[in-house]
Amino acid sequence: MARVPATKQEDSGVPAQAAIAVTGDGDRLALAGALDIVTLAEARIALKKWSKKGASRSLDLAGLERLDTPGALFLCGLRDKGVELAGIRDEHRALLDLVCGLDLEPLPKVDSVPRWRQIVIELGKGAHDARHEAFDLFSFVGRAATWTAGALIHPSRLRPASISRHVSETGIKALPIVGLMAVMIAVVLGYQGVAQLRPFGGEDYTINLVAVSVLREMGVLITAIMVAGRSGSAFAAEIGVMQTREEVDALKVMGIEPMHVLVVPRVIALVITLPLLAFFADIMGLVGGAAISQVLLNVSPTQYIARLPSIVDGSDLFVGLFKAPVFAFFIAAIGCMHGLRVSGSAESVGQETTRAVVKSIFMVLVLDAAFSVLFERLGI
Amino acid sequence: MTTRTRAHADPILSARDIVNRFGKQVVHDRLSLDIERGEIIGIAGGSGSGKSVLLKTLVGLRQPNAGEVLLNGKAVQSMSAADKASQIGVLFQQGALFSSLSVAQNIMLPMREHTPLPEGEQEQIAAMKLALAGLPADAGIKFPSALSGGMVKRAAFARALALDPKILFLDEPTSNLDPIAASGIDALIRSLNDSLGITVVIVTHDLTTLFTICGRIAVLVDRNVTVDTADKLMKSTHPWIREFFHGPRADGAMKARKTGHGN
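Which chain is which? The protein sequence lines are A and B, in order.
For the working numbering, add 2 to where a residue sits in the first sequence, where the first one is 1.
For the working numbering, add 1406 to where a residue sits in the second sequence, where the first one is 1.
Hints in this document: simulated from the structure, not taken from any laboratory.
Accuracy of the hints is not assured; some may be wrong.
Reference excerpt, derived from the structure (chain B facing chain A, CB under 7 Å, subset only) [what the hints assert, rightly or not]: (1) Ala1510; (2) Gln1511; (3) Leu1515; (4) Glu1525; (5) Gly1526; (6) Glu1529; (7) Ala1533; (8) Ala1537; (9) Ala1543; (10) Ile1547; (11) Pro1550.
Note that beta-carbon positions come from the ideal geometry of N, C-alpha and C, so glycine has one too.
The task is simple: from the sequences and hints, build the whole structure.
What follows is the structure, encoded as structure tokens:
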């Protein structure tokens, strides 16, 4: 009666299968062809009305060439509705018996919380977590400071090899990108300065704007953000992977304090490298300033250098570089803290790395704001 | 090599003259292997003998440096993704369940990609696959991170069976399991082979699995493969095979086999 075409390979990407054919009349129908996961939907539609009828019905399966578990599940469902399955082939009988014999329960529904409640719950969780995070951060920063101070008091406990490796990783390898970023920032500031100051005839002061903001703020800030993204994440991931491979536990079992061998060298290395990188960024920022002055203001590099001492002095440089070791300490401590918080699974390495970067950049900006207020009060 | 045995005319999968090289290191040198329809075959070998590389080659994840793999007479490398997915199921060593999806969603993923079935029906089929793999229905809504080692393997089994494959590849199905869970997996493999007629290829170190459920064993030695029944391999004169089948661990596994055959 009803002939359902096979699903073709070309149009659906599903491999070509034999068609399922439903033949016969009234209460006695016969299935022929293949009843599998591909043809199942068609068979269900073809038999839908028929299977609902009340009278005694039978379905002949002698012509069925292929049967898989979803097909068998469908036939078991028909049998439960009172349809007699006739002419089952021997090779299908075992499969039917197996599938019909399974103790099937529907999948339980996941408890879903209404959206408005979800928001409240998330909010509460967020506040709770934030409190704990802040507490953890301060206690870890305190511990890192204690251990670092302890190592500095007893220099024999320092690990020069480890420190120099981290200095190389976090410092020397970051030079090209930090330098490039500093030049770019100077160029951006230069263009903005010229555009804003020209209406007042003061575009010459762009030189002052670029030099002062690079030395006081931009050089160190760009460097710190770069280092947080580059080295803070690397610290979290390195220590996190060690945590997943139980290397940190192995250290503890051997009586070696992870704070001492993992955290202190990284903190010291970053406290050494970040000021140096920031100084490098300052120089490159001034180079960028010289270039932009030449292009936009026709001020030659020689004139630029000659003007610099009247624009900036040591205090500008000091204000910038004073912040660098503080930023470095927090970036390193936060990176290590999140690395040590990794809990075994590989996903948590990713999560903690992300958190380390977000939190250290946040801390850098908060500290920078605090320093701005402080220096303003001190009148530097 | 030319006088290939013609007793089984129609292997489901046959690897012909496979060569796998990594740089100068040759892992497989003109390796040929026929897997018969409906059998359970074990692939054994020492660490670094290329078991995993062979498995990847057989399922088409790795292009061999030379040679070809034929599945039902068609080259695995040139089969369409959907065709391959409906014929080959793979149980990876760590389960490889997608951690962002629940177990049921893991099982439904290949169905959603390759079949036109509506969601409700997919759920019914997923529940059936869970039951086939010996898991309770409430395991379906759990996420892989909440499952024990044995349950991960069973859930991965259920997902490997999602599209009713003709041939199932198992990579170390009993590794990292306690003996009770491992025996449960062995029984599951045998029952799936019996009732669904699935051809099973097991890569394993587990001698008990090799001795109790594998009809034939392919031993990877000297960059090639020696295929035979366990009994015949026991009599082999090759030093590594002798060591493998007569070491202290093999004796215990043989006992398990004898008691296993009793019932």
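Hints broken by the structure, by number, lowest first?
2, 3, 4, 5, 11
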